[in-house]
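Trainee: What follows is the residue order along each chain.
Protein chains: 2
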Amino acid sequence: MAKGVDLRISRVTVPTLREDPADAEVSSHALLIRAGMMRQIAAGIYSLLPLGLLALVRVEEIVRDEMNKKGACEIALPYIHPADVWIESERWFKYGPEMMRLKDRQGRDFCLGPTAEELVTKYFASTAPSYKDLPINIYQIQTKFRDEPRPRYGLLRAREFRMMDAYSFHTSSSDVDKTYEEMHDAYLNIARRCSLDARVVEASTGLIGGDISHEFMVISQVGEDVIVYCKNCNYGANAELERHRPTRIFGGNKEEPISEVHTPGIFSVDDVASFLGITPERVLKCVLYVVQGEVLAVFVPGYRDVSEEKLKRFLGTDEFHPLRDDEREIFPELTPGFTGPVGLKGARVLFDLEVKGAKNLVCGANKEDYHLTGVDEGRDFMAEPLADIACAVQGDGCPECDGYLEIAHGIEIGHIFKLGLKYSEVLGANFTDRDGSLKPAHMGTYGIGTTRILQTIVEQHRDSQGIRWPKACAPLQVEIIVLSPSDPMQNEVLVMLEGMFKNMGIQALVDEREVSAGVKFNDADLIGLPLQVVVGSKVSKGMLDLKIRYTQERGDFSIDNAAGAIKKALDSAP
Amino acid sequence: MAKGVDLRISRVTVPTLREDPADAEVSSHALLIRAGMMRQIAAGIYSLLPLGLLALVRVEEIVRDEMNKKGACEIALPYIHPADVWIESERWFKYGPEMMRLKDRQGRDFCLGPTAEELVTKYFASTAPSYKDLPINIYQIQTKFRDEPRPRYGLLRAREFRMMDAYSFHTSSSDVDKTYEEMHDAYLNIARRCSLDARVVEASTGLIGGDISHEFMVISQVGEDVIVYCKNCNYGANAELERHRPTRIFGGNKEEPISEVHTPGIFSVDDVASFLGITPERVLKCVLYVVQGEVLAVFVPGYRDVSEEKLKRFLGTDEFHPLRDDEREIFPELTPGFTGPVGLKGARVLFDLEVKGAKNLVCGANKEDYHLTGVDEGRDFMAEPLADIACAVQGDGCPECDGYLEIAHGIEIGHIFKLGLKYSEVLGANFTDRDGSLKPAHMGTYGIGTTRILQTIVEQHRDSQGIRWPKACAPLQVEIIVLSPSDPMQNEVLVMLEGMFKNMGIQALVDEREVSAGVKFNDADLIGLPLQVVVGSKVSKGMLDLKIRYTQERGDFSIDNAAGAIKKALDSAP
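As they're listed, the protein sequences go chains A and B. Quick note: the first sequence uses the numbering used here, first residue 1, plus one each step. Quick note: the second sequence uses the numbering used here, first residue 1, plus one each step.
Please note that a few of the clues may not be correct.
For identical chains, the list gives no copy identity; a pair is met inside one copy or between any two copies.
Taking lysine-lysine pairs in the DSS-like style, the calculated list, with each CA pair at most 25 angstroms apart, reads [stated by the list, open to error]:
1) K568 x K94
2) K312 x K69
3) K254 x K310
4) K567 x K231
5) K70 x K502
6) K94 x K471
7) K538 x K70
8) K132 x K520
9) K471 x K541
10) K70 x K310
11) K538 x K103
12) K502 x K69
13) K178 x K310
14) K178 x K70
15) K356 x K94
16) K568 x K345
17) K356 x K70
18) K132 x K69
19) K502 x K359
20) K356 x K254
These aren't lab readings, by the way, just hints derived from the structure by calculation.
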């Protein structure tokens, strides 16, 4: 962005609001709107106003800089993609209603690009590359379109959003690994420069596909993903993929004979445990799912939940649901609430790994109002088939080290994938190898959401007064607040400051509205630029007030020494 | 764009071609593709490759800088616009198939923004502005979509293209005039900085509407518009609007009696004139049009053509066409080729202004193979109705001064409009005036095509070898050509040059491919960066070759003095 003249606050340029907008469910969404940085146009579709756009440009400059440092090449693909390449990769059919589609005046099919593996791979193929041209990493920073079923949280889950998407091509899988590591580093650098603490977690590859993928997660209560990570080592994974090392003992130590107890109307794990005076670590939990018309009884330790994400991966489908009350009569052999693995009829079974070898358990007796105690795996039932099917709990051990796992919500800001040959083979992305033969290129793909980063910065850097922009991605560095714009002396100081900032290469936000000092101070804190310079009555004594927004630290300085004082304050601002 | 590492030529990054692509009808289109700067994805839809994108960024930086200098504020509107605002302005219905439309998963209507008067005006209205907030000029630089019936000429007439569009709001019409003048200046500055010689011409307001508009035209044979301009003053107009001062005498001086001559099979103006030994200035030309099922005979001086654009404006419709051969039998009273205004039956008539008072004319006799001579307007027929309906010809006088008009083809790079209250009234864009009353804001709108400018630069700055990028908008400033990349000494010099350029803040294009020197030199001229530095065998003598691409001026310099020599060469390059 070319350095422009200073921006003046007005109702049109920076339309600040006193109240949170009704539809803003998270603070960062509310703040971006209240601070006059963006406006909603339709569900999940926003305009960025001058300050919001300036901040986005800062973020995108950081992204571009880190990509260029890794030798990646920027291009610009079109927004509308012809259907044919998407049909060739079959994603035209797989994408479903999330892909926005349209026809041109001749009736030809197009979509608004939700991502660009197809176009980039086709372009690569069209250049007839040789092994000498590889590796190559091509990226673009562009608006993308995904018709989310539930757009919400402002820019965190929008239908139109901006993303940097990169695509790398290689002669071998091990060469992909090198670029994958470089992108991993670049993404962490981007997060760091945007003042975001990102954790890298193993993730599922979803609709993009490929072999391995990692997500870059910023821990936040408003994050829509659940992640599990080790406080001691680098291990981390999306909850759908996590592995954990149990630290609690599931079941009892002694062997007891199996016996039936009457538990009238008592079926939740906690109720059963408290009725019998034991802990949930002794209870075998059962959840009944309906999968393709049959019931699957899933058994996990009583202190854990079933991970439906892991179940989805295990079953290879997401077409299942917990047995509903209105479905009970379809399966009369079952006794929901009292289902156990001993003598169970009318259901397939699946056991979590931790059930293997557990002794002295309490479980349903497959008889209304009865449980069994003293049940041993191996003696009374066999835990077969067995799978990692339970959720992690706080206090679980790390699968990779002696440390312990944390469970948290995270905002996904980036996602990197090793694609293998998935797209190259289907779309003919071959290179001529050293021996003259044509071989499909190995690929990686890397995405980072720039509008999502923008809002995540606000989510992580705010207080009760408003946004606290970190210096590196603030829309502008300084706000000049003129308390009495009609006072000639204050006006003269403003002109002097504007000239000085121009010489320093700093564009300022200027508030010289005819409103009260209170409104100006509140708006300045709401907008949250790193430094506030106040031109008030002290100008008659040759002094100006100054505030570092992040720390709310205040001071004053002599007009004669303005440049030095402002430089020093800016240097010290976070 | 952040300064990145140097860009290396490879088949993937800069896929140069030896041959012109088959579908490129104009040189600039062919050159952008041959120089590996862009690729077609579908008709009128392109990807910009690294060098093409870098050049576009340069152009857009210039545009942004000139807009900011005029105090305009940049925002970013969404790409997909909800239908409702377009329905409110009724342009949803007026735009026709040129507007690309789509539905979201709930079946709601959207379009891909072809322009943004509706969204910006609605935004302005939503801020409840006061007169103190005006004037305000809001702009964005964004990809736009228009489903052209005949996309062609590469980026000159594309379906997806980039444009800077600005919208200004004012308390009065005279205040619009000030901003209109500023934008006029800004656009001329942009053209100048992009090394384009733009002429400002009066234009029709078309679908945008409003009172007055001007186009910024770069004179070029491949331009799709015809413009008329004075070589002496600032007068200029699109041909559909031009006014001209005839300098030839139409008709003869003496009065002669009317008489019929046999002109067997002779009907074109030139043939009639040569048959009778007179000039076309004595012949009254007639063109027959079919308008809503009726014939209109349009009469103009024999040395002029009928302007169908003027006819369209006169008739208020574009639903007319010249009478076709297969339609002759529908109108048996007419004698096409021999139609004249004396005793004409079966057609309405329309005369050009210049016919009024003309004497001693030759015209069709309304009888197969016969013409009339000695025909006088006023005596033998009345030139009624009368309108400015003829095209200008070379040598016509300027309507505003004593100078003479030029007629040329032009590429429209920008268009500015005074909108009046057209959008404000319909969309409720009111401001609170000094007296507390609500008044509709006066508006202006200003568009300049950045991808079109990009290609126009190439069209205007090229030679038989390739593109000659002017320094100010070249994708990069320097290409380093390494003749023998495997020579350690040449490689060492390359490393030194790259370090030096980095220190100078210059990103270079590097050609260290294992191809012949000829291929490298040809590609360098094709790509056309301002300066070429050749690392060849002369490095053993401590020397490098250098070429200024625009002038093909060559020289050499000592490696010890590289920084100074390169700076001097760059300074002298156009």
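Trainee: Next, verify each hint and record whether it holds.
Mentor: Hint-by-hint comparison with the structure:
1. Taking the closest pair of Cα atoms, K568 and K94 never come within 25 angstroms of each other, the shortest separation being 56 angstroms inside a single copy and 58 angstroms across copies.
2. Neither within a single protomer nor between protomers do K312 and K69 lie at most 25 angstroms apart by alpha-carbon distance, with minima of 39 angstroms and 57 angstroms respectively.
3. With identical chains, the CA atoms of K254 and K310 are never at most 25 angstroms apart, being 32 angstroms at best within one copy and 102 angstroms at best between copies.
4. Taking the closest pair of Cα atoms, K567 and K231 never come within 25 angstroms of each other, the shortest separation being 38 angstroms inside a single copy and 54 angstroms across copies.
5. When the C-alpha separation of K70 and K502 is checked against a cutoff of 25 angstroms, the pair qualifies only between copies, where the shortest distance is 15 angstroms, while the shortest distance within a copy is 33 angstroms.
6. Taking CA atoms no more than 25 angstroms apart as the test, K94 paired with K471 passes in neither setting, with 42 angstroms inside one copy and 47 angstroms between copies.
7. Taking identical chains as interchangeable, the C-alpha atoms of K538 and K70 are never at most 25 angstroms apart, the minima being 50 angstroms within one chain and 32 angstroms between chains.
8. Taking the closest pair of Cα atoms, K132 and K520 come within 25 angstroms of each other only across two copies (16 angstroms); inside a single copy the shortest separation is 60 angstroms, beyond that limit.
9. Taking CA atoms no more than 25 angstroms apart as the test, K471 paired with K541 passes in neither setting, with 30 angstroms inside one copy and 50 angstroms between copies.
10. In this homomeric assembly, K70 and K310 never come within 25 angstroms of each other (Cα to Cα): the closest approach is 35 angstroms inside a single copy and 58 angstroms across copies.
11. In this assembly of identical chains, the alpha carbons of K538 and K103 never lie at most 25 angstroms apart, being 64 angstroms within a copy and 59 angstroms across copies at closest.
12. For the identical chains of this complex, K502 and K69 are inter-copy neighbours only, at 12 angstroms across copies versus 29 angstroms inside a copy, given an alpha-carbon limit of 25 angstroms.
13. With identical chains, the CA atoms of K178 and K310 are never at most 25 angstroms apart, being 30 angstroms at best within one copy and 65 angstroms at best between copies.
14. Within a single copy, K178 and K70 get their C-alpha atoms as close as 11 angstroms, which meets the 25 angstroms cut-off; across copies the closest is 48 angstroms, which misses it.
15. In this assembly of identical chains, the alpha carbons of K356 and K94 never lie at most 25 angstroms apart, being 38 angstroms within a copy and 70 angstroms across copies at closest.
16. For the homomeric pair K568 and K345, neither the shortest alpha-carbon distance inside one copy (76 angstroms) nor that between copies (90 angstroms) is at most 25 angstroms.
17. Neither within a single protomer nor between protomers do K356 and K70 lie at most 25 angstroms apart by alpha-carbon distance, with minima of 48 angstroms and 74 angstroms respectively.
18. Taking identical chains as interchangeable, the C-alpha atoms of K132 and K69 lie at most 25 angstroms apart only when both belong to the same chain, with a minimum of 21 angstroms there against 46 angstroms between chains.
19. In this homomeric assembly, K502 and K359 never come within 25 angstroms of each other (Cα to Cα): the closest approach is 76 angstroms inside a single copy and 69 angstroms across copies.
20. Taking the closest pair of Cα atoms, K356 and K254 come within 25 angstroms of each other only inside a single copy of the chain (16 angstroms); across copies the shortest separation is 120 angstroms, beyond that limit.
The structure does not agree with the numbered hints 1, 2, 3, 4, 6, 7, 9, 10, 11, 13, 15, 16, 17 and 19 stated previously, though it agrees with the rest.
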